[in-house]
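There are 2 protein chains.
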Amino acid sequence: MQRSGLLIIISSPSGAGKSTLARRLMEWDPTLRFSVSATTRPPRPGEVEGQHYYFMDRAAFDEMVSQNQMLEHAEVFGNCYGSPRGPVELAMAEGRDTLFDVDWQGGQQIRASALGPHVVSIFILPPSLPELERRLRSRNQDSDEVIARRMLKSRDEISHWAEYDYVLVNDDIEATEADLRAILTAERLRRDRRPALGGFVRKLMEDAA
Amino acid sequence: MQRSGLLIIISSPSGAGKSTLARRLMEWDPTLRFSVSATTRPPRPGEVEGQHYYFMDRAAFDEMVSQNQMLEHAEVFGNCYGSPRGPVELAMAEGRDTLFDVDWQGGQQIRASALGPHVVSIFILPPSLPELERRLRSRNQDSDEVIARRMLKSRDEISHWAEYDYVLVNDDIEATEADLRAILTAERLRRDRRPALGGFVRKLMEDAA
Numbered sequence: 000m001q002r003s004g005l006l007i008i009i010s011s012p013s014g015a016g017k018s019t020l021a022r023r024l025m026e027w028d029p030t031l032r033f034s035v036s037a038t039t040r041p042p043r044p045g046e047v048e049g050q051h052y053y054f055m056d057r058a059a060f061d062e063m064v065s066q067n068q069m070l071e072h073a074e075v076f077g078n079c080y081g082s083p084r085g086p087v088e089l090a091m092a093e094g095r096d097t098l099f100d101v102d103w104q105g106g107q108q109i110r111a112s113a114l115g116p117h118v119v120s121i122f123i124l125p126p127s128l129p130e131l132e133r134r135l136r137s138r139n140q141d142s143d144e145v146i147a148r149r150m151l152k153s154r155d156e157i158s159h160w161a162e163y164d165y166v167l168v169n170d171d172i173e174a175t176e177a178d179l180r181a182i183l184t185a186e187r188l189r190r191d192r193r194p195a196l197g198g199f200v201r202k203l204m205e206d207a208a
Numbered sequence: 000m001q002r003s004g005l006l007i008i009i010s011s012p013s014g015a016g017k018s019t020l021a022r023r024l025m026e027w028d029p030t031l032r033f034s035v036s037a038t039t040r041p042p043r044p045g046e047v048e049g050q051h052y053y054f055m056d057r058a059a060f061d062e063m064v065s066q067n068q069m070l071e072h073a074e075v076f077g078n079c080y081g082s083p084r085g086p087v088e089l090a091m092a093e094g095r096d097t098l099f100d101v102d103w104q105g106g107q108q109i110r111a112s113a114l115g116p117h118v119v120s121i122f123i124l125p126p127s128l129p130e131l132e133r134r135l136r137s138r139n140q141d142s143d144e145v146i147a148r149r150m151l152k153s154r155d156e157i158s159h160w161a162e163y164d165y166v167l168v169n170d171d172i173e174a175t176e177a178d179l180r181a182i183l184t185a186e187r188l189r190r191d192r193r194p195a196l197g198g199f200v201r202k203l204m205e206d207a208a
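Protein sequences, first through last, are from chains A and B.
For the record, in the first sequence the residue sitting at position 53 is 52 according to numbering that gives the first Met the number 0, with numbers rising by one throughout.
For the record, in the second sequence the residue sitting at position 7 is 6 according to numbering that gives the first Met the number 0, with numbers rising by one throughout.
No lab work stands behind these hints, which were simulated from the structure alone.
Hints may contain errors.
As the list makes no split between identical chains, a pair holds if one copy fits it or if it spans any two.
Said to hold, decoys possible - Here are the simulated lysine-lysine pairs, BS3-like style, with alpha carbons at most 25 Å apart:
hint	residue 1	residue 2
1	K17	K202
2	K202	K152
3	K17	K152
For clarity, every value in this text was computed on a predicted model and none was experimentally measured.
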């Protein structure tokens, strides 16, 4: 039965497992679309246009914002980041859901947009902050200073947990993935997500009259 | 993490698979409590007090209603039926969910009660009405007249589908059972169902301060 696509927002502090969970969800359901961000920051080695980001200059970015073509956008350390609206609306029309990996500010903007009623928002908490710091350090890619800054950002991110529809504590990645699947399955079954149900019931009643 | 128990209302026309699905759900999760109705109708052979119904006389039933001890109640063909509130509140306090097999009138009354915010309501549709009639006939226990009356009642029941949070079309009992499990799993993860989350996050932040 045709349904309208959802906007699945997953937020969490860095290191809580969000990227792994998003990847697993998309392996589970290949119809899920990941929202690739647009950015004015230059590509890093290995980053692929349209896969990691849509790279553009400031003028193009500002033009998209002024045309209301960004669902959310922010400036961080002088670079702009945003979620283009077009691909999301296309996916919705096809009955496909879009996955957003955004922080609380992005989440707030998307919820406040015209597509807000189609949003399902999920916050992933780490089991503890020392565990979060351990996970960040085990990546072996950041200096103490960067890790300290990330931990401050994490506390800021966590402080917005109560703005989300669902909150998961990622003690165990398998269990958290199962919970995410259940949330997606259930949200797709909600009556108010399925405009085609009315027609189905009308036909059900007429066929037997 | 301690949570408050939910009131899971499942309604459907007779023959759509509701009883089988309820039984399977309770095998899947033995903490689920089934809400046993109170009734003034006399027990039939084989019916067990406290398992099929709580049997009581009219005076006792009316007393419970007047004490606001029935979450919902109705009179059908001269007999009263109702869902006692006490066991539901006890289960809720223990973080256990209660399953209600009630019709749309019972569903409306429970949603309108003080426990309404804890309700999750699910409507099960048959794939077609001829299929529903076939299922009723295959039981081989009812006269044509009774089946015709049940089909009329079914149409009345189906007409209330749009009052429910979730609507499932029971094409395939295994798939519908999986959907019901996903709904229960997801609803238990909703932030607003888990008053203990605030304390968890507070502790998370303090432990690392």
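A quick look at each hint next to the structure:
| no. | hint | verdict |
| --- | --- | --- |
| 1 | K17 with K202 | between (42 Å within a copy, 22 Å between copies) |
| 2 | K202 with K152 | between (53 Å within a copy, 18 Å between copies) |
| 3 | K17 with K152 | within (15 Å within a copy, 48 Å between copies) |
Every hint, counting from the list given before, is met by this structure.
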